[in-house]
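Which chain is which? The protein sequence lines are H and D, in order. So for the first sequence, our numbering puts the first residue at 1; every next one is plus one. So for the second sequence, our numbering puts the first residue at 1; every next one is plus one.
Honestly, I wouldn't trust all of these hints.
As the list claims (entries may be wrong) - Covered by chain H, according to a simulated footprint, are these stretches of chain D (three or more residues, beta-carbon under 8 Å):
# : region
1 : 138-145
2 : 209-215
3 : 237-243
To be verified - Think about it this way: if two alpha-carbon atoms lie no more than 35 Å apart in a straight line, the pair counts; the simulated DSBU-like pairs of lysine-lysine are:
# : chain 1 : residue 1 : chain 2 : residue 2
4 : D       : Lys-328   : H       : Lys-33
5 : H       : Lys-33    : D       : Lys-69
6 : H       : Lys-33    : D       : Lys-106
Honestly, the hints are just simulated from the structure, not real lab data. Using N, Cα and C, we set each Cβ at its ideal position, and we do this for glycine too.
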Amino acid sequence: MKRPARIAIALLMAATGLLTGACATVQPWERGKLSNPCMVFDANGQLVAYDNHWQPSREGSAGGFGAQGGGCGCK
Amino acid sequence: MRVQVEASRTGKVLVGALAAAAATLIAASNWADNILTFGLHGFQDSRTVTVLSPVVDLDKDFTDRSGLKARFGVDAVTAASDSCARCHPDGANNQRTYGDFSYRRKYGDYRLELGGEISRENFYAADTVTASLSRDLNNGNTTIAGGYSFSSNRPQLHPTQTVEQQYAQDVYVTLTQTLSKNTIVQMTYDFSRISGYQSNPFLRTSVNDILVVGNAPDLRNRQAIALRLRQALPADTYLEADYRRYWDTWSVSSNTMSVALSHYFRPSFMLGGSYRWYSQTGAFFYQPSYTGDPQYYTADYRLAPFSSGLYGVRISYAPADGLLFFPKHTALDLRYERYIASTNFEAAIFSGGLRVPF
Chain H
1 MKRPARIAIA LLMAATGLLT GACATVQPWE RGKLSNPCMV FDANGQLVAY DNHWQPSREG
61 SAGGFGAQGG GCGCK
Chain D
1 MRVQVEASRT GKVLVGALAA AAATLIAASN WADNILTFGL HGFQDSRTVT VLSPVVDLDK
61 DFTDRSGLKA RFGVDAVTAA SDSCARCHPD GANNQRTYGD FSYRRKYGDY RLELGGEISR
121 ENFYAADTVT ASLSRDLNNG NTTIAGGYSF SSNRPQLHPT QTVEQQYAQD VYVTLTQTLS
181 KNTIVQMTYD FSRISGYQSN PFLRTSVNDI LVVGNAPDLR NRQAIALRLR QALPADTYLE
241 ADYRRYWDTW SVSSNTMSVA LSHYFRPSFM LGGSYRWYSQ TGAFFYQPSY TGDPQYYTAD
301 YRLAPFSSGL YGVRISYAPA DGLLFFPKHT ALDLRYERYI ASTNFEAAIF SGGLRVPF
């Protein structure tokens, strides 16, 4: 197995352990901070889509952060 | 040209369909959580490419269990890169027109979303269908989600009339976990498989001192794992931290780390700053130039080893009484970023958005 794959699997296992070991139950009335746009993943869908379009057009990587858009835009 | 004619016709159809859909939906609005977002993005880089991207989003709830999203946008390239300038010294403009649509519906704790995107530009056409399913667990403190997308892409090998075919499939799974009243984390694994023509017909590399269009492998499997943290800090301050590890079968691997800090000076005014660091290795067949009889060769700068930094500042302004003549809860978002790569490539990116509830 290649080194990047080993690192990724190790990260995945560590994160899974972290998450499953810390499953707090936050009640709805305790979610004030969590509802702030800064706390919501991909809250601004338009910006996320834009970033997911121009960054892969200039870099060799893609994926991991939200859905990917179509089109080339790389001329 | 066929593709240009097709792009123009498709753009008109998209505009008409979205305008009709928007009029129908607004007329039938129940004044729930419906939002129209008008955006304008600007991109200018050191390769003299300038792109202006107006876009409008519609997010409409039909009921508390169903809704839709629609997006229509244009990428107007108002200056050509040096690859275009080689044949068009007076400049060559390009335009991408695209439209997204998705429908969502909840079934108990499950949420299903189906959608698609049509994208047309000179010498490139892409059609994508998407599906995702998520489920809330643990009183909404845990969310498991997965999704699949399929794209059919058709690059035209300009200046010839030859049209190649490329297929892209993507599947991902995401786990989102609330850790406390102030902390939420997310983990994503993403796998995509791209088959078919994957060279860039606009870039030419030197093989034995002769400039030729590149030749890339016709299969690329890409994987990424992302870990993300959102942390509320004291005094209305918020921390966003993301990490992504990426690798693929072309031997490109990368690390991406980003951090953002936002502070609310007033409930209606937020100021934030961000930094993103990116570093990648080159593809196994990437070289500045080639000699002999190489099987694969490319001039695609995206396949070269490099690193980059992205610095950003953003504000959000949402006065309680509404902004100008817009209704309450209207928000103005502005962001400016500078992208600086180790290859001397630089770019300035501006984004503005106005979110209007209706």
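Hint check results:
1. 138-145: holds (count 5)
2. 209-215: violated (count 0)
3. 237-243: Check passed, 3 qualifying residues.
4. D:Lys-328 - H:Lys-33: Holds - the C-alpha atoms of H:Lys-33 and D:Lys-328 are around 21 Å apart, at most 35 Å.
5. H:Lys-33 - D:Lys-69: 26 Å, holds
6. H:Lys-33 - D:Lys-106: 25 Å, holds
Of the numbered hints given earlier, the model fails hint 2 alone.
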